[in-house]
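Chains as they are written, first to last, in our numbering: chain A, 13 to 432; chain B, 8 to 293.
Please keep in mind that the hints were generated in silico from the structure rather than gathered at the bench. By construction, the Cβ of each residue, glycine as well, lies at the ideal position given by its N, Cα and C atoms. Take these hints with a grain of salt, some might be off.
[Claimed, not checked] Here are a few chain A residues that sit away from chain B, every Cβ distance over 12 Å (derived from the structure):
#, residue
1, Thr-60
2, Gln-113
3, Ile-235
4, Asp-263
5, Glu-285
6, Glu-343
7, Glu-344
[To be verified] Taking beta-carbon pairs under 7 Å as the criterion, some of the chain A residues facing chain B (in silico):
#, residue
8, Val-64
9, Gln-65
10, Phe-180
11, Asp-195
12, Pro-225
13, Gly-227
14, Asp-230
15, Pro-233
16, Arg-253
17, Gln-310
18, Thr-311
19, Thr-369
20, Ala-388
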Amino acid sequence: MRAKAGLLAGVTVLVAACGGTVAGSGGGGGDGQGSTEPLKVGVITGLTGAYVQLGEEQRNGAELAVKLLGEKAGDRPIELIVRDDQLKPDIALREAQALVQEEQVDFLTGCVSAATTLAVNQVASQAGVPYLGTCQTEQLNRPPNYDEAITYHLAPTPSQGINSASPFICENLGQKVFLLLPDYAFGYEQEAAYTTAIPEQSGCSVAGTAYFPLGTTDFNPFIPTIEGSGADALVYGGVGRDQVSFLRQADQFGLTDRIPTFLTLEDLSFDQELGFDLIDGTYAMAAFWWNVDDENVQTYVEAYREEYDTPPGGYGVYLYNALNLIASAVEEGNDTPETFRDWMEGREVSLGQGDMTIRECDHQALAPIYILEGLAADEAESRGGDAEFGLREVVETVPGSEETAPTCDEVKEEFQRVGG
Amino acid sequence: MDQLLSQLVLGVVSGALLVLLALGLNLIFGLLEFINFAHGALYMVGAYLTSYLAVATGTIWLALLVVPVAMALIGAGLERTLIRPMYGRDQVDALLLTFGLTYILIEGVRYVAGSGGRRVPAPEILAFQVNLGLGRPVPAYLLFVVLAVALVVGGLWLFLQKTNVGLIVRAGIRDHIMIRALGVRFDRYRTLVFAIGIAVAGIAGVLTGPITGVFPEMGADILILAFVVVVVGGMGSFWGAVVAGLLIGVLVSVTTLYASVYAGIVPFVLMILVMTFRPRGLLGAT
Chain A
13 MRAKAGLLAG VTVLVAACGG TVAGSGGGGG DGQGSTEPLK VGVITGLTGA
63 YVQLGEEQRN GAELAVKLLG EKAGDRPIEL IVRDDQLKPD IALREAQALV
113 QEEQVDFLTG CVSAATTLAV NQVASQAGVP YLGTCQTEQL NRPPNYDEAI
163 TYHLAPTPSQ GINSASPFIC ENLGQKVFLL LPDYAFGYEQ EAAYTTAIPE
213 QSGCSVAGTA YFPLGTTDFN PFIPTIEGSG ADALVYGGVG RDQVSFLRQA
263 DQFGLTDRIP TFLTLEDLSF DQELGFDLID GTYAMAAFWW NVDDENVQTY
313 VEAYREEYDT PPGGYGVYLY NALNLIASAV EEGNDTPETF RDWMEGREVS
363 LGQGDMTIRE CDHQALAPIY ILEGLAADEA ESRGGDAEFG LREVVETVPG
413 SEETAPTCDE VKEEFQRVGG
Chain B
8 MDQLLSQLVL GVVSGALLVL LALGLNLIFG LLEFINFAHG ALYMVGAYLT
58 SYLAVATGTI WLALLVVPVA MALIGAGLER TLIRPMYGRD QVDALLLTFG
108 LTYILIEGVR YVAGSGGRRV PAPEILAFQV NLGLGRPVPA YLLFVVLAVA
158 LVVGGLWLFL QKTNVGLIVR AGIRDHIMIR ALGVRFDRYR TLVFAIGIAV
208 AGIAGVLTGP ITGVFPEMGA DILILAFVVV VVGGMGSFWG AVVAGLLIGV
258 LVSVTTLYAS VYAGIVPFVL MILVMTFRPR GLLGAT
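Looking at chain B on its own, in the form it has when it is part of the complex (with noise of 0.2 Å):
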């Protein structure tokens, strides 16, 4: 039972990080329309930065602060020039663009940086282990993960729900002809959401780099998961994407457990199950 419990509370870790990528890809497809295939690249080079400024500093804490500055505004150039002109074209080519941008960034920092991976020292306050009455002791950056991540979470929907300008961006979600049609600058809200969307997957870079390293690839197979997240949980439902990446996180976790070998295909026997039986997703719009 203790064993169970503690793939119950890693589970939940992978998941959170899951969850902050799948956040992103689903505001900014819910608002924009748009699929964002460079998602996982642009986490990526978040952690990369990260990576640079811990080594400079010893630690993340500058980084956490610093990257998704950084990256919003990396995210708000990118809307501005490159995504923009794809508004109202088929999605094949937003695809296409941001497909050819995730190469681009990969070899991009592969010639910066090198091919071969870069460490990111986690913080010294938390290199112990916290006994949580599981049997076994987890160590105390991870539970800092699910803390930050919910801290983003609870921010993101605050932000959301209880702003004007997250009023706009939520009916804009829902109906953005309507929104236009009532004399809202829409364009600004598009940039903001991409920027926050960005954002977020820096913020995700900042927290994986001290669990796995950076390296040029690490956003790719992540990116994979975080799409299946986004379809479980529903397309633009904020709550199902948190939802859904914790779902399948301890999901995974528990098949690690008992059979370890299928633990990889699971989040795509759940995609399955969900766009079979519940198309809009678990907590997806009617």
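The shape of chain A in the complex, shown without the other chains (with noise of 0.2 Å):
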């Protein structure tokens, strides 16, 4: 029985070390130029666990862009690759590796979780490759990962969100604030920022933080947690299914009904699985949505409806985005990485997600952020439209600017600290 027992223990830990998932492979180095040669674009992201329906968008996104784009940049067909890295940094490096070396890929881009994103970064760097990451992460273009010769960041970082939306918490849900947030590092990184953040909002503090495992289901030890911190608003910082369960269990509580709750980050896909019931009164920020009054977001939206018979989630932009870029600046025939970066240094777009701006010193996309709010189902009948998907409405809109991320004047005293 004893021996048994010691093989179970045996299997239960190397069942928890794969986490249930099968690995894929890796390679060597090198990349590959040439002005009709197919022009190949890497995109790694996480088409299985927790965040699939993101990483699902964001190849969505990629495959629509190549569409629309007749397949060619210039006189260059265009190769997509995609890959799964199944949320995992090792996964991701060993198939970021295989994109470069056996692939030859001229471009890398996507990931939907912090973790991945380094990793990708890590290879991307070691070969010249040029990296749009397309994650909400701090780290990605901050020393010691910021490559200033191939990295490139499209979505927001957390801090550029939690100054937007922090005003509008403090101002509109409650002044003690509980945090309740995934344990990896977009977790933490969203903790620095909230932390800094709300005290700086008058009247308004952190009441208390709790962190989740990554893939969690059960959320009914939390309940009590937050109740008794004494809170009267709610920060929820977790995505995809993580979401989706803690919204029913929260609901099932009334939780949601006594604590104004707000979503770090929101997507249509988890919207839809949560249905009104349950997202109503709810507040939540994004990046993007996808009925906001713009004539570039629009052209996205009706060419992604069209081929997906639904409107896209906030992820799919940022590949859509990425692509656009590529495509553009081979076009024009900056495709090394030094004429890349010098095109794209700077550059004011208006794509998918709007008008948007890649700034200079860290090469960060600056674009607006919206605050939502769900809607119950007989307020998305009255606004008109689809309301099968007007699950939500913008309430404010916050203009992508330095006010909200760090400025430039603070990334280069950091890189100066850290002698990057």
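Work from the hints to combine the two standalone chains into their complex.
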């Protein structure tokens, strides 16, 4: 019996270590250029795991962009190679190596997890392949990860979003804010940003913080902790299935009725899974919302709907933008890391998120942040249009600017401090 | 104090669902000496069946009757076809087989139902909260889950203790060679126990749906915890699985209150302690 228990315990540890997944394989190094050669773009994103909807949106956004570009960047046919990182840095590393060495991609892009983006950036930096990160993290374009020759960040940093949202939270939801955050890099970045931004608002404070592991399904034990903290507003920082599980359970306890709840990251796919009942009365921030009144946003939305029969969520647009930026640069002859960098720095474009600037000091995209309110079904109906997808409406728009992101002076100071 | 009591109650709820999965695993491992790595995926299949039935009927009541029966039939079919050839072979073969089965089931569900999750409506009749005098009300559905698990555990225990079939199963867990020597057609009991184990996993799937919704990977993490419960409670120990499941649920819940960041490792720390100081488990046979 003891031997059996040992075997089972061994299996348990093994399974826990593997996370129940199968890994891919990797390769060597190099790149390839040529004016009529295929333009190879490697996309690494999470196509399995807790953020699968976001990963699928990214793949859709990339494929849609390539289709709308006529599958060409100038004279070069675009070849898109999509890989699944399973949200695991080690797999992201191997897939990035395989894309760089075996497929000899010209550009890398994609990611839905802060942990995997750093792994991809590391490989890209070693190989000298430009990488356009597309998940919300502070670390990608900060030392020691930032490589000015190849690193770009198209998604907002958590502090950009949180600096934009904190005044709204404190003025409209509550002054004692509880933070329920995921226990990995994205959660800790949120904590740093919220604990800085919230006390800066008059009379506002952080009432408590709790962390939950990625992939948590049982949020019930957190409910008394939140209520016992005396908080009058709740910030929930999880994404994907975690968010769906949390809001379901919070609703069963009536928590979201008693304590106004704000979601750090919203996506239409989660909203659809939750339905009007569960998101009614919640608030969220997003770098993209499908019915924003902007010509370029609507061009993207209409094309996406035609292709996939649903409006896009928030993560596909980063890949749509990335492919458009890469194709435009290459079409104008900027297909080396050096010329691409010159082309990108300070670029002002209007793509799927509307107006956007890639600032020079850290290659960070500055785009608007939207504060969204969840609607009841009858409210969505009364707004007209596509009530089925009108689960939220924009209640505030914060333009992308240096006021919400760390300023370039602050960024330079940070680089100097660490010798970057 | 109210807060601590609330955490204890919610820990019991969390632990109750673990108990169901661990009991099925334990029964199968006890009698068949077979580590069913696909147990979590079968639990997920049960949850998906529940989702479709619940959406069609508007409630989970029909699923609570139909899904355990369907899962028992699936379990019996699997035992007769895929599992039976594994008896007497290296445990690694069984692990590889059920590992592969897990992937087939997950990918199959993704193919049929998509990668996103599905909703399972909670019963309207239980859409209220109960004040247990703990300061904070508890959703009635969660209390129903505890009651349902208690009924399943009680029913299983009575089945094993009070029926001739249960007697043979218990004897088989203790010494199946002797049972065979007495002329009992043991293969039938293996099929029965595997079917019961999968049916119980199906019940766990039914009960979980309204709490978390359903999604293809939902069986992966909870299976790991169910394995931990089996080891901590003791291999083949019925009440060991019950006690360990509830204990782990409560410990995780209470740790969440004081140090949420460490709550996830509590079950594994407990497993290491038990493996070190009481290798047969809390209530395992000597």
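To see whether the hints hold, each was checked on the structure:
With a closest Cβ-Cβ approach of about 7 Å to chain B, A/Thr-60 is found to fall inside the 12 Å limit, against its non-interface label. Distance to chain B confirms A/Gln-113 as a non-interface residue, since its nearest Cβ pair spans about 28 Å, more than 12 Å. The claim that A/Ile-235 is not at the interface with chain B is violated, since a C-beta of that chain comes within 12 Å of its own (minimum 7 Å). A cut-off of 12 Å between C-beta atoms contradicts the statement that A/Asp-263 is not in contact with chain B; the least separation is 9 Å.
A beta-carbon of chain B comes within 12 Å of the beta-carbon of A/Glu-285; the shortest separation is about 5 Å. Every CB of chain B is more than 12 Å from the CB of A/Glu-343 (nearest about 34 Å), matching its label as outside the interface. With a cut of 12 Å on Cβ distances, A/Glu-344 stays outside the contact zone with chain B, its closest approach being about 37 Å. For A/Val-64, the interface hint holds, since its Cβ comes within 7 Å of a Cβ in chain B; the closest pair sits about 5 Å apart.
Annotation: A/Gln-65 was flagged as interfacial toward chain B, and the flag holds, the nearest CB pair being 5 Å apart, inside 7 Å. With 7 Å as the threshold, the beta carbon of A/Phe-180 stays out of range of chain B, its nearest partner Cβ sitting at about 26 Å, so the hint is violated. Nearest Cβ of chain B to the Cβ of A/Asp-195: about 6 Å, under the 7 Å cut. The hint holds. This hint holds: A/Pro-225 has a C-beta 4 Å from the nearest C-beta of chain B, less than the 7 Å allowed.
The interface hint given for A/Gly-227 is met, as the beta carbon of that residue sits about 6 Å from the closest beta carbon of chain B, less than 7 Å. Against a cut-off of 7 Å between C-beta atoms, the interface hint on A/Asp-230 holds, since the closest Cβ of chain B lies about 5 Å away. Interface hint status for A/Pro-233: upheld, as the beta-carbon distance to the closest one in chain B is roughly 4 Å, under 7 Å. Below 7 Å, beta-carbon pairs count as interface contacts, and A/Arg-253 has one with chain B at about 6 Å; its hint therefore holds.
Annotation: interface hint on A/Gln-310 violated; nearest CB of chain B at approximately 25 Å, more than 7 Å. The interface hint given for A/Thr-311 is violated, since its Cβ lies 26 Å from the closest Cβ of chain B, which is over the 7 Å cut-off. The interface hint given for A/Thr-369 is broken, as the beta carbon of that residue sits about 34 Å from the closest beta carbon of chain B, more than 7 Å. Interface restraint check for A/Ala-388: the shortest CB-CB distance to chain B comes to about 17 Å, outside 7 Å, so the restraint is violated.
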